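At position 27 of the sequence shown (counting the first as 1) the number is 26 in numbering that gives the first Met the number 0, and the numbers step up by one without a gap.
Hints are computed from structural coordinates only; laboratory data are not their basis.
A hint or two may mislead.
Cross-link-like lysine to aspartate or glutamate pairs, in silico, DMTMM-like; alpha carbons within 20 Å at most [stated by the list, open to error]:
(1) Lys81 - Glu35
(2) Lys17 - Asp6
(3) Lys17 - Asp37
(4) Lys81 - Asp37
(5) Lys81 - Glu49
(6) Lys81 - Glu15
(7) Lys17 - Glu35
(8) Lys17 - Glu79
(9) Lys81 - Asp21
(10) Lys17 - Glu29
(11) Lys32 - Asp21
These numbers come from a predicted model, not from an experiment.
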Amino acid sequence: MPLVRIDMNRGRSREEIKAVTDAVHQSLVEVFKIPERDRFQLVTQHDADEIIAQDAGLGFERTPGAVMIQIFTQHGRSTEDKQHLPSAARRPCASGRRRPRPRPTRSSL
Numbered sequence: 000m001p002l003v004r005i006d007m008n009r010g011r012s013r014e015e016i017k018a019v020t021d022a023v024h025q026s027l028v029e030v031f032k033i034p035e036r037d038r039f040q041l042v043t044q045h046d047a048d049e050i051i052a053q054d055a056g057l058g059f060e061r062t063p064g065a066v067m068i069q070i071f072t073q074h075g076r077s078t079e080d081k082q083h084l085p086s087a088a089r090r091p092c093a094s095g096r097r098r099p100r101p102r103p104t105r106s107s108l
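Take the sequences, apply the hints, and build the full model.
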């Protein structure tokens, strides 16, 4: 039963929020082999000045569309599975749009 916390700037449509939550959940089903109905997600929208995500010298610009995703799981998930999770969530949606790109942090792995 992974618990997913998703933080994003306010102003996204319901469809955009659903695309983010569905992408994250589908990657959990695929990689961690959880049941489809094992879904626990908290989505929080913030004012623009409440998410601070500065450039860390990684060579890309952050946009106001940044999404922060934290996944809390029980013990027993392999490091390999945890590292594969972000790439599974980035696969293109059926509509041709790219899925949001979750960026794992060491504390969330």
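Results of checking the hints against the structure:
Of the supplied pair hints, the one linking Lys81 and Glu35 holds, its CA atoms being roughly 18 Å apart against a limit of 20 Å. Simply put, Lys17 and Asp6 have alpha-carbon atoms about 13 Å apart, close enough for the 20 Å limit, and the pair holds. With a C-alpha separation of about 16 Å, the suggested pair Lys17 and Asp37 falls inside the 20 Å cut-off, and the hint holds. Restraint check for Lys81 and Asp37: the C-alpha separation of about 17 Å stays at or below 20 Å, so the hint holds.
Simply put, Lys81 and Glu49 have alpha-carbon atoms about 27 Å apart, too far for the 20 Å limit, and the pair is violated. Taking the CA atoms of Lys81 and Glu15, the gap is about 24 Å. The hint is violated against a cut of 20 Å. The hinted pair formed by Lys17 and Glu35 meets the criterion: a straight-line CA distance of about 15 Å does not exceed 20 Å. A hinted pair counts as satisfied when its Cα atoms are at most 20 Å apart, and Lys17 with Glu79 does not qualify at roughly 27 Å.
Of the pairs offered as hints, the one joining Lys81 and Asp21 holds, with about 18 Å between alpha carbons and a cut-off of 20 Å not exceeded. With a C-alpha separation of about 18 Å, the suggested pairing of Lys17 with Glu29 holds against the 20 Å cut-off. With a C-alpha separation of about 15 Å, the suggested pair Lys32 and Asp21 falls inside the 20 Å cut-off, and the hint holds.
In the structure shown, a violation is registered for the earlier hints numbered 5, 6 and 8, in ascending order.
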